[in-house]
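K.L.:
So the protein sequences, as listed, match chains A and B. Under my numbering, think of the first position of the first sequence as 1, with each following residue one higher. Under my numbering, think of the first position of the second sequence as 1001, with each following residue one higher.
Calculated directly from the structure, the hints in this document are not laboratory data. Hints should not be assumed to be uniformly reliable.
Straight-line C-alpha distance at most 16 Å; calculated EDC-like pairs for lysine to aspartate or glutamate [unchecked claim]:
# : chain 1 : residue 1 : chain 2 : residue 2
1 : B       : Lys1301   : A       : Asp351
2 : A       : Lys301    : B       : Asp1351
3 : A       : Lys225    : A       : Asp184
4 : A       : Lys311    : A       : Asp271
5 : A       : Lys225    : A       : Glu185
6 : A       : Lys225    : A       : Glu178
Number of protein chains: 2
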Amino acid sequence: MFRGTGMDEFAGCFCCGPRPGFPYAAIDAAASSSLSSPTNIEAMAEAGRPRVSSTSGGPVIDCHGHYTTEPPEFLDWRKRQIAAIGDASQAPSIDSFQVSDDRLRDSVEGAQLKLQRERGTALTLFSPRASGMSHHIGDAGVSTAWSRLSNDLIHRMTRLYPENFVGVCQLPQSPGVEPKNCIDELSRCVNELGFVGCNLNPDPTGGYWTDPPLTDRWWYPLYEKMVELDVPAMVHVSAAANRNFHTTGSHYINGDTTAFMQFLMSDLFTDFPTLRFVIPHGGGAIPYHWGRYRGIAQDQKLPLLSELLLKNVFFDTCVYHQAGIDLLTQVIPAENILFASEMVGAVKGIDPESGFNFDDTRRYIDASVTLTPDQKRAIFSDNVQRVYPRLRAKLSS
Amino acid sequence: MFRGTGMDEFAGCFCCGPRPGFPYAAIDAAASSSLSSPTNIEAMAEAGRPRVSSTSGGPVIDCHGHYTTEPPEFLDWRKRQIAAIGDASQAPSIDSFQVSDDRLRDSVEGAQLKLQRERGTALTLFSPRASGMSHHIGDAGVSTAWSRLSNDLIHRMTRLYPENFVGVCQLPQSPGVEPKNCIDELSRCVNELGFVGCNLNPDPTGGYWTDPPLTDRWWYPLYEKMVELDVPAMVHVSAAANRNFHTTGSHYINGDTTAFMQFLMSDLFTDFPTLRFVIPHGGGAIPYHWGRYRGIAQDQKLPLLSELLLKNVFFDTCVYHQAGIDLLTQVIPAENILFASEMVGAVKGIDPESGFNFDDTRRYIDASVTLTPDQKRAIFSDNVQRVYPRLRAKLSS
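The task is simple: from the sequences and hints, build the whole structure.
P.N.:
As structure tokens, then:
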């Protein structure tokens, strides 16, 4: 028997993927979970405890934060959009979405901003809720409108809090639709809204994996634009529409592992020497199996992974225990690791073993006994500015 | 551009899975890679080096070995079977497969048996090549004949080498076909051939994941038989038919991660308190993200993972570097870890960083500075006999 959550209820046929029905549950779950006193807020009672001092110096920049506390008006708009699938005349216009700045402030003041202050994070690369992208819902038109609205909302947050948030955009991907369809929205977000990167979904189907791998020429026009704009992508799947997968527990991690292995077996970075990807959630399973990947590459007569991939592929620190972070920092060069917490994200509670929030990942880096102060500074601050040059430009201006 | 191998060439339509065409490449690749001086054999030149002494005592039992050096006659039979898909009158009979005992001995003497001797492994739970199961090829009839032949071959190996090999069977799974269809073959292998467990594929489609999750009642009749026979299953996917996945690099690891998360979100072990699963490849991504899984369970108001799952779920040690094994043994209780190497398997070369084969996993356990001698003995010998009681009975008889 399956103990599902709204976010991962099965809603697909056995062949061709999702059906309407799922999205409502997902949205309902999202609305109820994010807007009614998030668990993490309750957990903030631990804020008074002394934290381990950082020896790194420099600002701490979180490269992976999602707007997971959206106001209900926003989720209502999405509900109406989904309800209108199949009858475009009923679809809400982007302009029909209205919410006050005060409502937006309320949505983050007690959440992301409070956590930033408590944890000593200077700023967050902020993008729409990852599971909310749900590229499998509706067609490319639905995805385009939803992405535009989501990115506009992020843009408002970056204007309300320019010291705290820098924008990263959702792309209007859709199953079976060529990624070049995303170029206009990427350009708009970077050139007009000041965003510094994008989230790229390697499986817009939500767990059926029927689009081409990230290394197929299918994706090349989008990569050309990323290179031209000099923005990286975080590889990030969205909600699982396939009931075999739990969104944050397996689908996210599998997406990370899958993307890395696609890169390993490809010539992608020969074709695009400056293309850059961040693999979130600590790189999925990759660092844990680093010997396996080094060995597979060697069996294939490929160069060392450091030469083959590590000029183009980076890992974030969304690994929620000290042992995991210690492994990550032991096997992956520090210059390839970017600090991140994914907060307010996948895990909200306090770890009874440590007494602190699982997703308070700064503590694990601070507590590392093998990283040097220079390496910690690289992970907290320098690397992200190198990988996201438009962020560096913002910070320098 | 994708640098594929025969084993993971794309051969599926974008909707409904594999087409003929793929299997030939897979078989060709398997035949050529396994039968022409495997790399690992060449790597055996390192055998003379002194190895770290085991402080564990007791026999070292490898719970995860595949027959990956099958004789060409066997692979030829499979080619003929695949060629006859769609024209059953051309299908080869099981009885038409003929190979001498000498040919079988030749296939393992210089490979698995030599490695056992060199590495000090007493015996191996031996099953058919995992990628060779390829349940996505053909229908249930094809899978049944192929499984029967594959299991019969394993049975011959266990009779030729009763001190070295104990059988674990392949199941005749097929996409969309109820798992109860596997009961007869499981019973035959256990009751007639003396096998002690089975390999269970959580995704018979080869990467499209369109069958129900392992926690669905779809699987319950098979679980009832497993419980009755008191045999565990190793959760093990087969070859990837979906070009998004690399068979050993991502599909295997994703299968492991997915299965654990299905178990976590289910009441399966309430319904089957004595059902047991081994998750191979070090548990996929699970131990690396142990904090994430503890946190997700806590957010869901579930019991501690130790209570929820660890009476029923076990992890093997197929993790090919010291840092990975150290993490595994740090976060997972020693009583839940079973020694395994997956040899001759996914990675065949020598790690230039250690000077030893990547898959010589005994060295990592031996070298652990945190495991006690009792814990090492549990991992090498005791646990596997507890999880596979029919193995214990064999060793006691």
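K.L.:
Take the hints in turn and mark each one as holding or not.
P.N.:
Here is what the structure says about each hint:
1. Lys1301/B x Asp351/A: holds, 13 Å
2. Lys301/A x Asp1351/B: Judged against 16 Å, a Cα distance of about 13 Å means the pair holds.
3. Lys225/A x Asp184/A: holds, 9 Å
4. Lys311/A x Asp271/A: Holds - the C-alpha atoms of aspartate 271/A and lysine 311/A are around 13 Å apart, at most 16 Å.
5. Lys225/A x Glu185/A: holds, 11 Å
6. Lys225/A x Glu178/A: holds, 14 Å
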